[in-house]
Amino acid sequence: MKKQVFADVSVEKEEGELLFRDASAYLEKNQGVIKAIVLKYSESGLFGRSDVDDVIQYVNERMLTGVLEKMRSQYKPMCRLMPYLSKIVSNLCLEYAKKELKRNQHEKKVDYTRSHFGTKETMSEDIAMREIIEQLEILLSLYGSRRPRIELLFKISLRIAITEEDVLRCYPKCNKRLLNRLLLSFNDPEEYRMAPHSDMYGQLIPLINELEGTSKTADALRKSVDMKLDEIAEILNIAPINAALTRETVKMLLENYYSEFPKSMENVI
Amino acid sequence: MQDLFFDRNGHLSDLGVSQYVDAIRSGTTEDLPHELVTHVEKCKECKKEVLRLHAIMADIKQEESVPGPQPVTPVQKTHRWPFYAYRIAAAVAFFVLVGAVAVYFLTSTDEITIVDEPGLEQPLPYGPEETPPPLMEDEEPADRDTEHLEPADRDPEYRDPADQDPEEPEAEDRRAEEMLRDRYAANFEPLTLYESMTEQSFRSFGLEILAPQTGSEVRDGVTFRWEIRYDDPLIVTIIDNHGDRVHQGTVSANEYYFDDFPAPGLYYWRLETDESLLFVGKFVVPAL
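Keeping their order, the protein sequence lines are chains A and B.
By numbering that gives the first Met the number 0, the letter at position 84 of the first sequence is numbered 83, and the numbering carries on one by one without gaps.
By numbering that gives the first Met the number 0, the letter at position 280 of the second sequence is numbered 279, and the numbering carries on one by one without gaps.
Quick caveat, the hints were computed from the structure, so don't treat them as lab data.
The C-beta atom is built at its ideal place from N, Cα and C for all residues, glycine as well.
Be aware that one or more of the hints could be misleading.
[Said to hold, decoys possible] Some chain A residues near chain B, calculated using beta-carbon distances under 7 Å:
1. I36
2. S85
3. K86
4. S89
5. L141
6. P239
[As the list claims (entries may be wrong)] Here are the simulated SDA-like pairs of lysine to any residue, each with C-alpha atoms no more than 20 Å apart in a straight line:
7. K227/A with K43/B
8. K250/A with E194/B
9. K28/A with G65/A
10. K41/B with D225/A
11. K43/B with R145/A
12. K250/A with R244/B
13. K227/A with C42/B
14. K227/A with K41/B
15. K47/B with N90/A
[Stated by the list, open to error] Just a sample of chain A residues kept apart from chain B, beta carbon distances all over 12 Å, derived:
16. N179
17. R180
18. L210
19. K215
Please put together the full structure from these sequences, using the hints given.
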């Protein structure tokens, strides 16, 4: 991956020079990128297919009437230009959609031909699901140092067998006694599969409190897990991912994810 | 560096988001400024922005790897066209419109109408063999002079309803049905995530679903029936194919009835305890 970055350095430099020398030519050269982003949002249902040309035109007009100038003033050569341009185009697409939404609400228009969520007609379900799982993996990586704890709690609440690595990644200084107690309680999901959630959290909270030096209640722990599940749903529901998730379906997605990538955490971190 | 990657509200700036995504894509997140990483760890909104840009850029790998600018050739010059096309097309359209309006005012008079013209057989704007373009819903017929005429006089191809082929009403019904189906087509698109969960039993409690059959059509309401070894109340949730909740109810019996569907379409239903999902099924409310 790094090799690719170095290979692109000269391209980046030329692109940067072009942006400052002739902004219109830079915009013209990147019409393919603009179109790809607009199509991506269109596929996700942010706006209809028939709006694609209008959105491209809107992006170009906004670019030529101030946005390119702003880009030039804010861009720093140490950063790569392509992700920055993509972010700006993405902002303009969202801006267009917001304006259209307001206009449609005002006119009380209902467009039955428009799909508002990610139906992705041209994609097979497998590909769409793979994309969502890929985004989930990136999202989990964004939790950084908090990720091991979040994932340990997810696995326990989903009755997925936890391993010694799961515990030690989260609590590197966990002693043998506590480690054994955690593994004994939550290493065999079949044993605690039928137990209600309240029992499971009741069993878990003394161990967590001892490991973290806190005095939380089982209910507080359950709530914090639920909130994190809701947060994942909310983030994965944004355009253009549009996963249409709820707390319950996030659980399914995580079960799917852990069954497919049981050791994904090691690969990503 | 702090000012560069953060906006006035303390969230990631556009440059900050793009820098983060670039690092994910190039596998160099460990080189990111510490403040950037720790902020994203804690901030939900910035996670959204990073993930959004990452999802968008997933599809523009090809464009990104295009080599640097080549010497301009005539072939490349043609690439200029799409960019200026909007303005050129707008200018051409403007002149055509002005020309058309000018021709109309120069040639039309009050005395001459198409009805009065002896050469009615001459080609109409949309062609003699083609059917006239359909009127919009609120549009009125352009030629009001023909209103007083008998239907047979107005349209040379007019046929009395009594003489019509008895199969024609059926054809009209078919067309109406097709139109209705087209109108609601988006309501029948499957929802990827729910499709993958349909028919799986997640937390069984000996659950057996008796009705409705997966994918079956329900016309006058639907009765959900099941058998389960679980004493507490269950929650029935009905979801449309956009993932939006249409209805939710709590039930202590082993069946639940619902008939207030907002529109025809594909619906999913979930059976849950207050802690976990038991079953996901689907059914169709047909357009007719």
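Hints versus structure:
For the restraint placing I36/A at the interface with chain B, the shortest Cβ-Cβ distance is roughly 5 Å, inside the 7 Å limit, so the hint holds. Of the supplied interface hints, the one on S85/A holds, with its beta-carbon coming within about 5 Å of a beta-carbon of chain B, less than 7 Å. Among the interface hints, the one on K86/A holds; its C-beta lies about 5 Å from the nearest C-beta in chain B, closer than the 7 Å criterion. The interface hint given for S89/A holds, since its Cβ lies 5 Å from the closest Cβ of chain B, which is under the 7 Å cut-off.
The restraint placing L141/A at the interface with chain B holds, with a minimum CB-CB distance near 5 Å, inside the 7 Å limit. For P239/A, the suggested interface contact is upheld, since its CB lies about 6 Å from the closest CB of chain B, less than 7 Å. Restraint check for K227/A and K43/B: satisfied, since their Cα atoms lie roughly 10 Å apart, inside the 20 Å limit. Using a Cα cut-off of 20 Å, the hinted pair K250/A and E194/B holds, with the two alpha carbons roughly 15 Å apart.
Under the criterion of a C-alpha separation no larger than 20 Å, the hint pairing K28/A with G65/A is consistent with the structure, at around 18 Å. Between the alpha carbons of K41/B and D225/A the distance comes to roughly 17 Å, so the proposed pair stays at or under 20 Å and holds. Taking the CA atoms of K43/B and R145/A, the gap is about 13 Å. The hint holds against a cut of 20 Å. A hinted pair counts as satisfied when its Cα atoms are at most 20 Å apart, and K250/A with R244/B qualifies at roughly 18 Å.
In summary, the hint linking K227/A to C42/B is supported, as the alpha carbons are separated by about 12 Å, within the 20 Å threshold. Note on K227/A and K41/B: the hinted pairing holds, with a Cα-Cα distance of about 12 Å set against a maximum of 20 Å. Proposed proximity of K47/B and N90/A is supported: the alpha carbons are some 13 Å apart, at most 20 Å. No Cβ of chain B approaches the Cβ of N179/A within 12 Å, the least distance being about 28 Å, so the stated non-interface status holds.
R180/A, annotated as away from the interface, keeps every beta carbon of chain B farther than 12 Å; the closest lies near 24 Å. Separation of L210/A from chain B is adequate, the least Cβ-Cβ distance of about 20 Å exceeding the 12 Å criterion. No beta-carbon of chain B comes within 12 Å of the beta-carbon of K215/A; the shortest separation is about 19 Å.
Every hint, counting from the list given before, is met by this structure.
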